[in-house]
Each structure stands twice: as C-alpha cells, then as structure tokens.
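Engineer: Single-letter residue listing:
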Amino acid sequence: MAEKIAARTEALTENPFHYCPGCAHGIIHRLVAETIEELGVREKTVGVASVGCSVFAYNYFNMDMQQAAHGRAPAVATGIKRVLPDNFVFTYQGDGDLAAIGTAEIVHAAARGENITVIFVNNTTYGMTGGQSAPTTILGQKTTTTPYGRDPHVNGYPMGVSEMLSTLGGVAHVSRVSIYSPAQVNRAKRAIKKAFEVQREKKGFSFVEVLASCPTNWRMTPQDALKWIEEKMLPIYPLGEFKTAAEEGK
Amino acid sequence: MAKVLMGGNEALAEAALRAGCRHFFGYPITPQSEIPEYLAKKMPQLDGVYLQAESEIAAINMVYGAAGAGVRVFTASSGPGISLMSEGISYIAGAELPCVIVNIMRGGPGLGNIAPSQADYNQATKGIGHGDFHLIVLAPNSVQEMADLTMLAFQLAEEYRNPAMILSDGLLGQMMEPVEFNENPPKEKDKPWATRGAKGRDPNIINRLLIEAEALQKHNLKLQEKYQLIKETQCRCESYLAEDADILLAAFGSCSRMAKSAVEMARSRGIKAGLVRPITLWPFPEKEVAEAAKGAKACLVTEMNEGQMLLDIRLALKGRIPIHFLGKSGGIIPTPGEILEEIERIEVNLRG
Amino acid sequence: MFLTTIDKESCKGCYLCIPVCPKRLIKLGSEINKRGYHPAIITDTGECTGCRACFRMCPDLAIEIAKVV
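Chains as they are written, first to last, in our numbering: chain D, 519 to 768; chain S, 3 to 354; chain C, 178 to 246.
Any given hint might turn out to be false.
[To be verified] Derived contacts from chain D toward chain C, CB cut-off under 8 Å, selection only:
{"hint": "1", "residue": "I545"}
{"hint": "2", "residue": "F574"}
{"hint": "3", "residue": "R737"}
{"hint": "4", "residue": "P740"}
[Unchecked claim] Partner residues are not named here, just some residues of chain C that face chain D (Cβ under 10 Å, in silico):
{"hint": "5", "residue": "F179"}
{"hint": "6", "residue": "L193"}
{"hint": "7", "residue": "I218"}
{"hint": "8", "residue": "F232"}
{"hint": "9", "residue": "V246"}
[Said to hold, decoys possible] These stretches of chain D come out as covered by chain S in the derived footprint (C-beta under 8 Å, 3 or more residues):
{"hint": "10", "region": "580–589"}
{"hint": "11", "region": "612–626"}
{"hint": "12", "region": "723–735"}
Since the hints were derived computationally from the structure, they do not count as laboratory data. Here the structure is a predicted model, which means the values were calculated and not measured. From the three backbone atoms N, C-alpha and C, an ideal C-beta is built for every residue, glycine too.
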C-alpha cells in the first residue's frame, strides 16, 4: 500500500502552469494553495489575481477567484472582504503590479488594516511584458528598459516594500522570504501560513514578500537564477519578519 | 408615503439604501460629496459598508470586487473622478457585473469648476472606456427622479448584469425639492455566479481576460446581443405638447426644465413649441424622438455643453428638419428667456 | 521505502530538483516530451529517503512521492 506524502494539493486545479521552466511562480502557487488546504478554508476563500505573469492564477487556484485590473488587486480584495468579512481573501501580485501602478492601493489597504493577505512576488522585473525594469529592479541590473543597467540618477532606487509597509498602523504581519533552496521554501511556507492565520484571527493586514526568480528575463538558467537571488537580491532585500502580530499585542 | 423636502444628492443616497444597497465605495469631489457624507452617517446604522477609498480608481475597483461578491453596490463622483474610473468601468462591463455609478456633472474640461454642466454626455454614452461596451445611462431632471431613477438603475443593472449610470449635475445634486420614495423597491436577484466561496460547487471566476481571439469575439457578440435587447426594451423618453408643435425642443436633465418653461412662454405668444426629453441617454430613444418630431418644422436642441446630445438628435431625425442648437458651458445655465429668443428667431425664418 | 515519480509530460526540464537531492538520484533525461522539454528522470528510488527536497523545488508539481509500507 502506498500513501502519498507529496502530491498536488486539492487547492490547485489540474491545469498545468503556463510559467517558464524554473519560474518561481509555480513554487509559490503551491505554497499558497497548500496553506489554504491545510487551514481547511478552500471553500471560504476568494483569491484575487493581478496582472502580470500570474494573471492566469484564476486557472490554477481551485477556489473562487477574481481577476483585478493592473495594480488594483488590494482594492478589489477590499471590496470582497467588506462584503464577506468571514471569508478568506488574498491577493497574488507581482512587483510591477504592486510596487509601481498599484502603490496607492497596497499602501492604503495596509493603512486601513484590511483583513486580507497579500502575496507579493518580487522578481525585479516585468515578466509578462518581456523583462522591463520594475521599482524593485536593483541598481546596475540590466533589463530591456534599463539596457545599461539601472542608474539611480535616471531610474531611482529599488523599493523595500516590506520595510515600507511595516511602518503602517493597520499592518499586523509583514515578512520577506524566498524560495532559492528547499530550506527557504519551508520558511516561505511557514510565513505564508502565519499570514493566513493572522487573517483568520482578524488581526489586520498580512503581507508576505517572496523573492523570486525569472530565468527567462534574467537570461539565466533556473539554477543560476536562484543563486542570483541569494547573491544579488538578499543584500538589497534582507529576509525576515518586519512586523509580527504578537509584537502588536493584538 | 409622505413627501419630504430633500437635497438631490441625499435623496439619491436614500433611494439607494431603500433599494437594499448596503455597500458604497467613493471619494470626495464637489458637487456630489453629500452622497458619501449621507452614507457615512446612514450605512453604519444599517450595518452597511461605507468606505472612502484613496482615489476614484481604488473606489471603482472596490465596487468591482463587491459586485463580484454578489451584492448591490454603488459609487458616486463627478466628471474628473469618472474619468479616473474609466478602466475599472470597462472591466466591470466586460465582466458583466451589476453596479450603479453616479456622475453629478460639473464644469469641464480639466479641473473645470464646480458649477453644474452636462458636458460628460459623450463620455457616459459613447466613450467611458476602452472596448465595445455601453453603460445604461439614466438622466434625472428632478429630485424625485434622482430617487426613482436610482432605484431603476439597480434593477436594470441586475436584470442585464451591466453597470448603470445616473447622469445628473450639480444643480440637481444641490437643490432641494419634495420627494416621495417608492414603497416597494426592486427586489434583489440571486447571483449564483458570485464569488462567495466555492462550497459544494465548482469555483466561480470573475474575469474578463480572454487570451484567444475567438473567445473574446464570442464574448463581444454576447454583449452586443444584450445591448440590442436593452435598446429594444428599455428606452425611456417624455414629450410635452409635441403633437402639434412646429418647433420641437430637445433637452435632457435639468436643462429640460428651462426648455419646458420656454415652451410654455412661446405657447403663450402663439408659437406652437413642444419638448422631447430623453430619460435614458443610452439606450437613446431614437424612435420616440423621431415620433415626437413627426409634425415639427424645426428642432432646437439646448444643452449645458457645446453640443453633445445634439449628435444623437441629428441621427434620430435623419436630416428631415433643420436642427438648431443653443448651448451654454462652463457652468452657465440657459435661461428660459434666452431659449425663448431662440425659438422666436427660428419661428421668424420659418415663416420666411 | 519511498516511490518517487517524475511525470514526464509535466516536467519542463528546469532541473531545480537535481542538485537538491541528497542522494543524487535525479538526472537529466534524454527523451523529449510533448512540449519539447527533456524531462528529468529519477533513477533508483530504493535509495530515496522521502525528504521531499525535490518536491519542494519543483515549480510544476511534476514530482510525487509515496511511502510504500
């Protein structure tokens, strides 16, 4: 008799991912979906997909989903959560979506302490549109719109979204994790679970930034891309918990 | 139910509450701010949600989320805010989500001013956002209609799963008139398509991304069928002394009241004038307008803009009679006297 | 004892699983799947300790592990 100890979670549909080989989205989708299944809330969850490579997330998460305009997922999620306060609501957003066009929406959803969970995938680039620079592109990084490397005098500085949001009153949980090794994947899952638990206990806004790889647009092998996260991104985007509910004493 | 003296904006907000709407997402902008202020007081008493968003862009996307979760929801703004909502409105129409969007128009373009205007007619009926879609657009011309048409808007939005707009202006929003609320507001339809948690069913998806061209074409044709049905069944129009009118006035919203006074003044001077007033601006009541103009020798369109409904009137009358235009913009309102002068001028050269 | 399988059609040949297997049981495959990728293949699952490192790193849910009792 064989008992499966690792297989596709029921919170993911059978649809194969359209993501490029080695894309971190696939890992992160699994972590979010497994968390939702383990908390037993799949039938009470409404997910909000953003615009970017993960725009098709509604084909992958096996639960009610809404697809939001670029940058507006936190607002859409707010509308849903205000209608269904006892449901679980999460957004799944990339760095172009959340840190560029959607900055106002994420800041105000956090400041309002919306009881939603935001999964923020930071891979320093606009993947879907072909590798343009994002607010999270690091200095010197070449992209199709910073062909000579990001120059702060022209394109400004990388944005520490987790640090920024952790200063806001309504925020109960902010952590930054990554997926560049099995151990990091474990930590990422724990952080995602913790964020959803904060939402379950209605302690306010929860946010997990996941440093992710984009092999295709970084023009690297999937393995080198994971190394690049560790060597290049970590110094700019240190991992850790920037705010925990316990600290708030809520 | 007894009449009560109320401001247009408050009456509109009260009508929404009586229609069972318990969710509003908005943003302050003159001349509609009494709507959010009224709801900020009332919603908590009714266990409803009043939320002031960080921008009109956020507000319309909150409406998208709430409508997708299956409740009656509305937002209100003025021209500049409606312009910011444009992308969100296109998403809502594409995803076929029922909701109500209120535009209390003000002077434009740009920051314009806060005086009343009708200069967002084309935006509402023809160019509110990208893609082939329409809003159902209702134009009240009194505080009573601010209430009645709002209830109707919720009903039509749900009936056709389409956003509906109340196109009003600062004059109607700010003035007070007696109003009586409809005792039996439209009942809410159930929404099996809503995202309320996939319990015991397949997941619902609120979305309008269709990456395959055939799928998007198919969806567009479905929308067009819906619009055709709305055109055939939901046109609303009112006419006054049009049957024997030589000169037919055409006006909507608050401007139609000045036109009506001018018609009466003209009649008292022996000039056979009449008025046709479209109430649904989309679907535009072409047949009703053509019918009202059957006997007329000339038409005078008067609006608080530089000529927008004018184009729809031209289409409806197909060049059969000359069409004159008297427009004011910047927040200035055409007076009955000015309109009467125009009627007399037309009447003179009609006699030739 | 564990039975670990890599679904040939799901695998996109990203090979993120290969370096993380403590027992080096996963290798590049030579076959081509329907989508034109060279799926990774697992050689002798007898050695597999069920640590699930490969499963954690797989972005496409191509790997399944069963505990054979």
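Engineer: If a hint holds in the structure, say so; if it does not, say that too.
Structural biologist: Hints versus structure:
{"no.": "1", "hint": "I545", "in the structure": "holds, 5 Å"}
{"no.": "2", "hint": "F574", "in the structure": "violated, 14 Å"}
{"no.": "3", "hint": "R737", "in the structure": "violated, 15 Å"}
{"no.": "4", "hint": "P740", "in the structure": "holds, 4 Å"}
{"no.": "5", "hint": "F179", "in the structure": "holds, 8 Å"}
{"no.": "6", "hint": "L193", "in the structure": "holds, 5 Å"}
{"no.": "7", "hint": "I218", "in the structure": "violated, 16 Å"}
{"no.": "8", "hint": "F232", "in the structure": "holds, 4 Å"}
{"no.": "9", "hint": "V246", "in the structure": "holds, 5 Å"}
{"no.": "10", "hint": "580–589", "in the structure": "holds (count 8)"}
{"no.": "11", "hint": "612–626", "in the structure": "holds (count 4)"}
{"no.": "12", "hint": "723–735", "in the structure": "violated (count 0)"}
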